[in-house]
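Asker: Given next are the chains, with one letter for each unit.
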Amino acid sequence: MCAVELRADKRTESGVLVNDFAIVAATVNGSGSQTANNTLVRALFKMGIPVNGKNLFPSNIYGLPTWYTIRLSRDGYIARRSDYHVLAAMNPKTQAEDIEKLASGGICIHPEEWKLKPTRDDITYIPMPVREMVKESGAAPGLKEYVANMVYVGAIAELLGIELAEIRSALSYFLKGKAKAVDLNYFLVEKAAAYVREQFADVPRNFRAERMDATRGKILIEGNSAAALGAIFGGVSVAAWYPITPSTSMIDALMDYAKELRTEPDGKTTLVIVQAEDELAAAGIVIGAGWMGARSLTATSGPGISLMAEFSGLGYFAEVPCVIWDIQRMGPSTGLPTRTSQGDVLKAYYLSHGDTRHVVLLPANMKECFEFGWRAHDLADRLQTPIFVLSDLDLGMNLWMTDPFDYPDQPMDRGKVITYEDLEKFGTWGRYKDVDGDGIGYRSLPGQGPAYFARGTGHTEYATYSERPDDWSKNMDRLARKFETARRLVPKPISHIEDNAVFGIIAYGSTDAPIAEARDLLKAANLPTSYHRIRALPLGEATREFLSLYERVYVVENNYLGQMAQLLKMEYPDLANRLISISHCDGLPLTARWIVDSILEKEQK
Amino acid sequence: MTARTAKTNALGLEKSAYKGAESTLCNGCGHDSISAKIIDACWELGLDQRYIFKLSGIGCSSKTPAYFLGLSHSFNTVHGRMPSVATGATLANRNLICIGVSGDGDTGSIGLGQFKHLLRRNVPMVYIVENNGVYGLTKGQFSATADENQRQKYYGVNPFPPIDLCMEAIVADCTFVARSFSGDPQQCRELIKAALSHKGTALLDIISPCVTFNDTPESTKSYAYGKAHNIELQQIEHIPPGLVIQRQEITIPEYAEGETIAVTMHDGSQILLKKTDRTHDPRDKQAALRLLEQAKAQQLFITGLIYIAEPRPTLGELSGIVDTPLAELPQERLRPSREALAKVMASLS
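Each protein sequence line maps, in turn, to chains A and B.
Numbering-wise, the first sequence is residues 1 to 605 according to this note's numbering.
Numbering-wise, the second sequence is residues 1 to 349 according to this note's numbering.
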């Protein structure tokens, strides 16, 4: 097997890298660097350069280190890359390690006050008089630390050639046009840029941000906002939640969008959002609202999902529609609350005791966060069951460049509902009777249709209590039939088939971005691959077909156990020997490099 | 509508129209008596069953919604979590009447947290606790409302003071708090009717003796020892369900305001009930709490309306939701327009 040359360096003849490098801002958590980092991302985006920002932050309010990575990629790759070329070293506690990791030839911006002794001669140090500049800005004492971050924004802008006009308009965007705040921040940006221009004129500008036209028509959004927006267009009317990182910002976005999009002319709302006392109550509220006929959702993360287990079983067995978003973070236990993972796949699929199985949607990008956001409610009503949507911290809390979202292409599907008037036509009606052969009964809503007794205990097709073995078996058989219907209704997987592919790759969710890049790298090394992206559980026939095509299929995922690989082996035992699990979970989004290396290691065996 | 006769209510319906399925509880269970009083109250008030829904948690009491108002929707949920389901359901349709039935284990133990938060949010519903101090379905463990020093055959002596759900409700600013006894049909019925007319959460804690498991004497609440009973208990535990010894439901004679009466339980023991009288002003929160404290010290149950206040705004009112029930909103009011999406997209570009 040939060695694979990764990422041929795109330096120009004079040694300049244009729009293909990474910046890291290493700061102290709570010091207010978010506006600074977002401003850089937005300015680059507005210069037409494909860009991605990732926040690696601690579970902490103030004091622990945090790193923000900005990747510029003229080829449009938006996955994380682990190396970086420009460093804003603003955290004295981590500066030594941060500087050590800086790529050779890189630039290190740091406060002059540190009196840093250079440890490397292959990088350029740019000491900035941060304290002095902040003093000069006249910022109020409470704002000093916050605006100090603008010094590295200005320095980076000057060194990279980011247009200051774009910096100013990005600042205005994030500070909602508040002139005083914009002026104060921009004063420091300009000051820092001018300082670098004068003091470091002879430092070679080896990393350049040059205007392109690759972001026209695109938007920048976080996955949690996209999900909330999707739910708003899905007609959600009751939401309940308990604060938990990294799902909280989805509810924050839901509140903001509800004000804007779901307030009626009389000032009243069509979406009520309840902060529950815990995740058990949040699940109970959405089950209660779903049973009553409202579209309901909750958003949580791993520990909350564990608490929702009992109610999920009730929803499955009493057949109540609702939507449960899991913005996954690292476990077991409290794990790493601010680090990403895909560790809840098996848990969500089988959540609750007894023979429970759930429909799970797996969005991989911003458009799918939005689309599954509304579609989940249609599926919940159609299938009369809780629908799980598994996003993760990487998708949910980072800014992603994406095409704008498409308006829902079909009207809201409320599924099979029977009213008092319908009953006269039907004659007889059994809530759990499978009239149509798809395993789905006709549901009736309080106040709108004939009464039945919903329960989590054994029941007949007429919803009466039963402990009879035949009633139990018949009901489980019907639920199995309904699950087969779900198999046909959930979003289909997407396959990219290469004619001469040597092996296949299966993945889902946020690993899509690094896989796209990894496949290009492999292809460039004469290893074309086919790719099958699962978008929902239960799995469908298309996945079996894909597995049948290749002798080796790598299942790539961001968890320790290789959960999807396990699920595939259970689902397709006759094809299990084709599956090779490539899984890793250390709190960081996967990189293309790691995927390529891991696959090659197995291929070379 | 049929002309109203003595046997029909304002809707022209006979009381039998408000029945549910046949009860599967033990013979003589106080819970059945409460179901009967819910039927009486709803029939007398002429309520339309289509606009009522019933909720419960898990336990003997929580089975009862199947035994009354057969034409109303019902949801038997999970143990201790009825309050959250009620919260979601009442928000989704604010036009319906919610009757919740729970037990002392369901509310006082596993569900205490949700109970308190329901009261705090003032979820509009009638919340009935059928309180027997034991876990019937799992054969007689103590609940959190069991008397201090009460003795159970297998579980020994309960060393902990009871949780008084009425007191918890008053402290949580519930604006309707009452206590009754399942064998006092008139008081039960009248309190249920009053609760149904109250806006916000109305709590009704109804002492409802367990005929099968809460039969251990030597309680500090004047339980006397019923000798023959231990033998019966053993018989009950070893015979298949359906062969449980027939017992009569406990009923009590009418008693006057301020009067204290002793009620003989299934095991021959006695409890003391004292009806509130005109000297108690149920609008006085401090007086209500004092009354409950005194009753606890004297080992008696105060019955009647213990506390009532001007209704607070309900959760739905505080949330500013539209007048049309959320569950009945059409797509035009739930899904913003194509233009609205375009506007949001433009703001993100």
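Check each hint, because a few of them may be wrong.
[To be verified] Calculated lysine to aspartate or glutamate pairs in the EDC-like style (CA-CA distance at most 20 Å, straight line):
1. A:218 to A:202
2. A:117 to A:136
3. B:343 to B:323
4. A:416 to B:339
5. B:116 to A:278
6. A:367 to B:48
7. B:199 to B:48
8. B:274 to B:190
9. A:180 to A:202
10. B:343 to A:97
11. B:343 to A:601
12. A:259 to B:48
13. A:259 to B:190
14. A:268 to B:323
15. B:343 to A:409
[Stated by the list, open to error] Some chain B residues close to chain A (C-beta under 7 Å, calculated; not the full set):
16. 11
17. 74
18. 286
19. 289
20. 300
21. 318
22. 320
23. 336
[Stated by the list, open to error] Which stretches of chain B does chain A cover? Using the computed rule of at least three CB atoms under 8 Å from a CB of chain A, they are:
24. 59 to 71
25. 146 to 159
26. 167 to 178
27. 183 to 196
28. 251 to 260
Keep in mind that the hints were calculated from the coordinates and are not lab data.
Bear in mind the structure is a predicted one, so any value in this text is a computation, not a measurement.
For glycine and all other residues, C-beta sits at the position ideal for the given N, C-alpha and C.
Asker: Take the hints in turn and mark each one as holding or not.
Answerer: Going down the list of hints, with the structure as the test:
1. A:218 to A:202: Given that 20 Å is the threshold and the Cα spacing comes to 37 Å, the pair is violated.
2. A:117 to A:136: violated (26 Å)
3. B:343 to B:323: violated (28 Å)
4. A:416 to B:339: Not satisfied, since the Cα-Cα distance of roughly 30 Å exceeds 20 Å.
5. B:116 to A:278: holds (13 Å)
6. A:367 to B:48: Violated: residue 367 (chain A) and residue 48 (chain B) sit about 47 Å apart, past 20 Å.
7. B:199 to B:48: With a Cα-Cα distance of about 18 Å, the restraint between residue 199 (chain B) and residue 48 (chain B) holds, given a limit of 20 Å.
8. B:274 to B:190: holds (17 Å)
9. A:180 to A:202: Distance ~34 Å between residue 180 (chain A) and residue 202 (chain A) Cα, so the pair is violated.
10. B:343 to A:97: violated (45 Å)
11. B:343 to A:601: violated (48 Å)
12. A:259 to B:48: This hinted pair is violated, its Cα atoms lying about 36 Å apart.
13. A:259 to B:190: This hinted pair is violated, its Cα atoms lying about 44 Å apart.
14. A:268 to B:323: holds (8 Å)
15. B:343 to A:409: holds (18 Å)
16. 11: Where the cut-off is 7 Å and the nearest Cβ of chain A is about 16 Å from residue 11 (chain B), the hint is violated.
17. 74: With Cβ-Cβ at 5 Å, under 7 Å, it holds.
18. 286: Check failed: Cβ of residue 286 (chain B) comes no nearer than 27 Å to chain A, outside 7 Å.
19. 289: violated (24 Å)
20. 300: At 33 Å from the nearest chain A Cβ, residue 300 (chain B) fails the 7 Å test, so the hint is violated.
21. 318: This interface hint is violated because 10 Å lies over the 7 Å limit.
22. 320: holds (5 Å)
23. 336: holds (4 Å)
24. 59 to 71: holds (count 4)
25. 146 to 159: Per the Cβ count (0), the hint is violated.
26. 167 to 178: It is violated: at least three residues are needed, and the region 167 to 178 of chain B offers just 0 whose Cβ sits closer than 8 Å to chain A.
27. 183 to 196: Result for this restraint: violated, n = 0.
28. 251 to 260: violated (count 0)
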